[in-house]
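Enquirer: From first to last, the protein sequence lines stand for chains A and B.
Taking this note's numbering, I'd label the letters of the first sequence as residues 1 to 563.
Taking this note's numbering, I'd label the letters of the second sequence as residues 564 to 657.
Heads up, some of the hints might be wrong.
Said to hold, decoys possible - If you want the footprint, here are the derived chain B segments under chain A, 3+ residues with CB under 8 Å:
(1) 575-584
(2) 590-603
Unchecked claim - Pairs of lysine to any residue residues, derived as SDA-like cross-links and limited to a Cα-Cα distance of at most 25 Å, are as follows:
(3) B/K569 / A/E101
(4) B/K590 / A/H94
(5) B/K627 / A/E525
(6) B/K627 / A/V102
(7) B/K609 / A/T100
(8) A/K7 / A/V146
(9) B/K627 / A/V146
(10) B/K609 / A/K7
(11) B/K627 / A/T100
Think of the hints as simulated: they come from the structure by calculation, not from any bench.
Glycine included, each C-beta is placed from N, C-alpha and C at the ideal position.
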Amino acid sequence: MTDGITKAPTGIEGFDDLTLGGLPSGRPSLVCGSAGCGKTLFASTFLINGARLYGEPGVFVTFEERPGDIVDNVASLGFDLQGLIEQERILIEHIAIDPTEVAEVGDYDLEALFLRLEFAVDQIGAKRIVLDTIESLFSAFQNPAVLRAEIRRLFDWLKQKGLTAVITGERGDGTLTRQGLEEYVSDCVILLDHRVDNQISTRRLRIVKYRGTAHGTNEYPFLIDEDGFSVLPVSSLGLSHKVYQDRISTGVDDLDAMLSGGGFFRGTSVLISGVAGSGKSSLACMMVDAACRRGGKALYLSFEESEAQTVRNMRSVGTDLERWLTSSQLRYIAARPTFYSLEMHLAVMLREVARFKPDLVVLDPISAFTESGQAGEVQSMLLRIVDYLKSNGITGVFTHLSHGVSTETDGGLSSLMDAWILLLNREAHGEFNRELYLLKARGIAHSNQVREFVMSNDGIHLLPPYLGDGGAVTGSARRAEEAKARRLEHERRTEMARLQDQIEQRRKRALAQIDALQADLAVDEAELQRLMQVEASYRAQTERDANDMARSRGVAGPAVGTK
Amino acid sequence: MADPIKLVLYVAGETPKSLAAIRNLEKICAEHLAGKYRVEVIDLKKSPQLAREHGIVAIPTLVKELPVPIRKIIGDLSDTPKVLVHLAVEESSS
């Protein structure tokens, strides 16, 4: 059975993945939905891509719009339908039926329609055909029995001709189609839906039936925008992502220093939570700047600020984001949370990520969604984003506005995140000071210190707090404590110098006294010498006198001993 | 005397419906529009491009091209009074 099914790719982003190849080749498929849900666009994209990309010419049979309108409609999506028509790769067959100028008398069939289709198909050798919208036949003819038989014959005829057909049909009340017939005779039925929930509309696509092949049965959101039609299968993600060992800088040197090894692992999901005005977006922008500096690409999805506003704001902290926008390294997308539903946001985000292939993605802030209610849905959406980013090795930065200093987030977001930077804004001594704390960083040894977070015109700095007697202090209290310490130090040094001076003086005095005593000693010494000389000369004189006396008495020699 | 009525009957091959339509038209013309009509029968099997040109979807289709306004009648024309009403032509006073 499975080898019997061949598929014709539609070229619609996401749809071919979902259906494992496209629409059943050579068989009719029904695309149904209410007015304005994108049936005609789906059909024309299928046809144009067939001619453009897969070498399969196609016939567009329109019962409603005129050929010129169809060409104009798809031109706005960048398709050159007129060119394809001129190259005979597409043929538009306009079958206009005006019920007011037709009367029915007796039995009839739609053989002329078949002849016209056959003629058109043969004219360009078509492999694909679109019939838009089959309901128009029912409003043009009054005999439903004939029509039912003819439509059944038409489906058989398409199959017999081996045409891959897309038939669009208006959705009926409670049934897929008005006549309740087409869905039974088609091999594949695709339901397009346009639902409004909480005043937010979401386009969804569901494959109701696909004979002979496995297919996803979920509802998938799809987009119609300037890039055409794209479907986003968003729920087939597992937990088997590759892990990376290399680190990426956060753009704030002090923060890198707090994470041993310098920065976060690539592919990490980082949550930056904090109260209003605590610098969440600025920190996220620093990470963007760092990513672009490394030569990578960053995608910034903002739900609060416009591009120009963020660029201006970041200039005040000395970071120029504009140059990255100019060099196409940074893509900035701003959309209000209420602009789309959650699925659509998810779809848009994933599509942008898939197309831009960034190294870093910022969602600023995710709390914008949690405030719109549906916490469970928000968490599942974020889970999908986190998973998607991780499986592609993209670093995700999510900011979250928290109320008050709490380590709780809405919807249990923290468990999804690998790293969590908590920004505080604490009031002390009549002022608010920003503080940063690394609450967690899976797999990285990190500082446990609460740092003061200072944004100045030369960037973001994380100052270590003053660790004084009264615990860690920040802000002007820190500056006061630091000034006090400086003052005390100064006083201590002055005192020391004074004491040194004093001792020096004393020493000098002592030395002076020593000099004076030594001078005295020298004087005494001289006196003693003089006395000794006087004594010696006295003794010599006395002896000479005695000898002279003896000689004069005539006593010579030993007379001295005789008395 | 008014302009002749120009009728074109589109058929596809010799199907019973086509043959019935041709037969019924001949009868109506002979009985009610004697002498002031021109009928052309086109087989779309032989020239399908004419179906596109003239916007024909159902078979058989009778088109009254003249006098204006153009009227189309689909079916095998089995109900003569109805056909005459839709052709909006005065019956010839015999």
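Enquirer: State the violated hints by number, sorted upward, taking the hints as numbered earlier in the document.
Expert: 2, 4, 5, 7, 8 and 10
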